[in-house]
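Quick mapping for you: the protein sequence lines, in order, are chains A and B.
Under the numbering used here, the first residue of the first sequence is numbered 1, with each subsequent residue one higher.
Under the numbering used here, the first residue of the second sequence is numbered 287, with each subsequent residue one higher.
Treat the hints as calculated values from the structure; they're not laboratory data.
Since the structure is predicted, the reported quantities are computational estimates derived from the model, not experimental observations.
Certain hints may be false.
Stated by the list, open to error - Some chain B residues near chain A, calculated using beta-carbon distances under 7 Å:
#	residue
1	A336
2	G337
3	V341
4	G344
5	M345
6	L350
7	L363
8	C374
9	P559
10	F562
Cβ coordinates follow ideal geometry from the N, Cα and C atoms, glycine included.
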Amino acid sequence: MELSTEEFAYQIRRHALVMVHRADSSHIGGALSVADILAVLYGRVLRVRSEDPEWPDRDRLVFSKGHACTALYAALALGGFFPLDELASYGRKGTRLLGHASHEVPGVEWSTGSLGHGLGLACGQALAGKRRSAGWRVFAVLSDGELDEGSTWESALFAAHHGLDNLCVIVDRNGQQALGRTEDVLALGDICAKFSSFGWKTAEIDGHDHTALLQSLEAAVVDGAPTCIVARTIKGKGVRFMEDRLEWHYRSPKTVDLLERALQELADSYGHRPEPIPLSGGELPE
Amino acid sequence: MRNAFASELTAVAAEDSRVFLLSGDIGNRLFNEYKQRFGERFMNCGVAEAGMMGVAAGMALCGLHPIVYTIAPFTTLRCYEQIKLDVCYHNLSVVIVGVGAGLAYASLGPTHHTFEDVAALRLFPNMAVVCPGDALEVRAALRAALRRSGPVYIRLGKKNEPRVHQAVPELTIGRGIILREGTDVCILATGVILPTALATADLLAGKGVAARVVSMHTVKPLDTTMLEDVFQSYKLVVSMEEHGLIGGLGGGVAEWLADHAPQRALLLRFGLPDEFFHLAGDQEYARLHYGLVPDVMAAGILKKLREVG
Ligand SMILES: [Mg+2]
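Start from the sequences and build out the full structure, keeping to the hints where you can.
Structure representation (structure tokens):
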């Protein structure tokens, strides 16, 4: 990866905005909140090969918040897993870039979208890694909303009980879920304390601080217990009029005006001049 | 059946180091030999079936061959969406084993009954549904399931079921096994009701009616070659199962029949009605309650045969 992780995250956000605009699709808020996590993972942490997505010794990324797939698809395309132009096909009839993470897409380990599945899958892969004495690690990116799901906590017990120290969970702690703030819908309270009490190593960091992300991810996956990193994030991060606004769980920056405003704000937040929108590049016939 | 399963599992684990048993806190002493020999390939996942099914999918994606074992209602519906998405959507080679299906745990009440597991798992693309008819079919089914690429549900009874086969049969998933020939009526039986189907055929023989009896161990994919043959060769085809009439073997055959009408034969279905069985009583009592016994079914078949002439 030649880009700095900051630039990588900027590009993920930019592409995700354009994708949801074109497809008139939801979930941009959660894509923007998780962009830095993905940028640091794919930019610096994950041992993966874009030219060989099924490389047996790869690190596994379980992207459990499959609704934020635009960020994942953008990260993978920017990382060379498939052509960047293909992002323009997101949501188009008959293409593989469908509206939740799909394992038909190179680099996507699991199809996700129904919440609460990812941690169990990650446990199975971590367990298999241990039993095969493989060196690869498993990272699972969860939304905070999916901590409502009981299956997540079944797996939290499992991972600690079996000492899956090759497993690291990153919770995208944006504090929002579909209908409101997590603390108003079904209070999660102190997530670190909960995972700690289950026997996990935990860390709480600023999920937009790349130094903190890199340090905590590099410190994870050692000795004895699984790690949970609670990454405090802002839903809609990078676009001021979307930041911490619940409506952007659903809304799309559907009009060109809204998209341009969003891209301008995003560029401003990075101190960039806005780049031309790749509206024509990779455009597919209807 | 469960003892045969445990014994065959131990044998296949010796041959294939990818085999891994996950239990939902079920199988007290049953797997002692397996655990003794392959302890590192046994895991009691606790009473946490959704998590367990996810773990199985994760292991399968990494090339292991997990077998998930618990009581039938809990290895199917309790983790239903994990089966649909994690296992079937990704077409992973996970063998899901449900013990005590149908009325095996009749006395324990509807929490432990499964009248709907076959119907439920038959719905998912990639899934094969296999209901062995005796302990020897269990052994063959486990091996066939492990040979198959993709998920398989194996539906077991409990213990001490009558034996039908003399030796472990050749069992191909999706191909019925003809146990007895007869030209007057064809009985397709799946799972633990198979010995009862043979006893029914005995009663029919006493009335001068010769029944073919087929172990239709695979409900999905259905043996459509067999169906094409028997619905043309006979006037009456009978389905038997210890499962609800909705969506099981009889339901599946009825779907096939609707799509392939007209056929020479009519279909007569025996199974469980659309209701909860909430009375105390063991499996034998429950079977009697629902008429899944040889004399009742033989009488039903004779009546239907008179109707079809
Ligand atoms: Mg959230």
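Residue hint B/G344, partner chain A, criterion CB-CB below 7 Å
Interface hint status for B/G344: holds (2 Å vs cutoff 7 Å).
Against chain A, is B/A336 within 7 Å by beta-carbon distance?
4 Å, holds
Given B/G337 as an interface hint, is its Cβ closer than 7 Å to any Cβ of chain A?
This hint holds: B/G337 lies near chain A, its Cβ roughly 3 Å from the closest one there, short of 7 Å.
Using Cβ atoms only, decide whether B/L363 comes closer than 7 Å to chain A, and label the hint accordingly.
Violated: closest Cβ of chain A sits about 14 Å from B/L363, beyond 7 Å.
Checking hints one by one. Is B/C374 an interface residue toward chain A, by the C-beta closer than 7 Å rule?
Interface hint status for B/C374: violated (11 Å vs cutoff 7 Å).
Does the interface hint hold: is B/M345 within less than 7 Å of chain A, judged Cβ to Cβ?
4 Å, holds
Against chain A, run the beta carbon of B/P559 and see if the smallest gap drops under 7 Å.
33 Å, violated
Can we keep the B/F562 interface hint, with Cβ of chain A closer than 7 Å?
This interface hint is violated because 25 Å lies over the 7 Å limit.
Can you verify the interface hint for B/L350: is its Cβ closer than 7 Å to any Cβ in chain A?
With a closest approach of 5 Å, the B/L350 hint holds.
Interface hint for B/V341, Cβ within 7 Å of any Cβ on chain A
4 Å, holds
Against the hints set out earlier in the document, violations occur for numbers 7, 8, 9 and 10.
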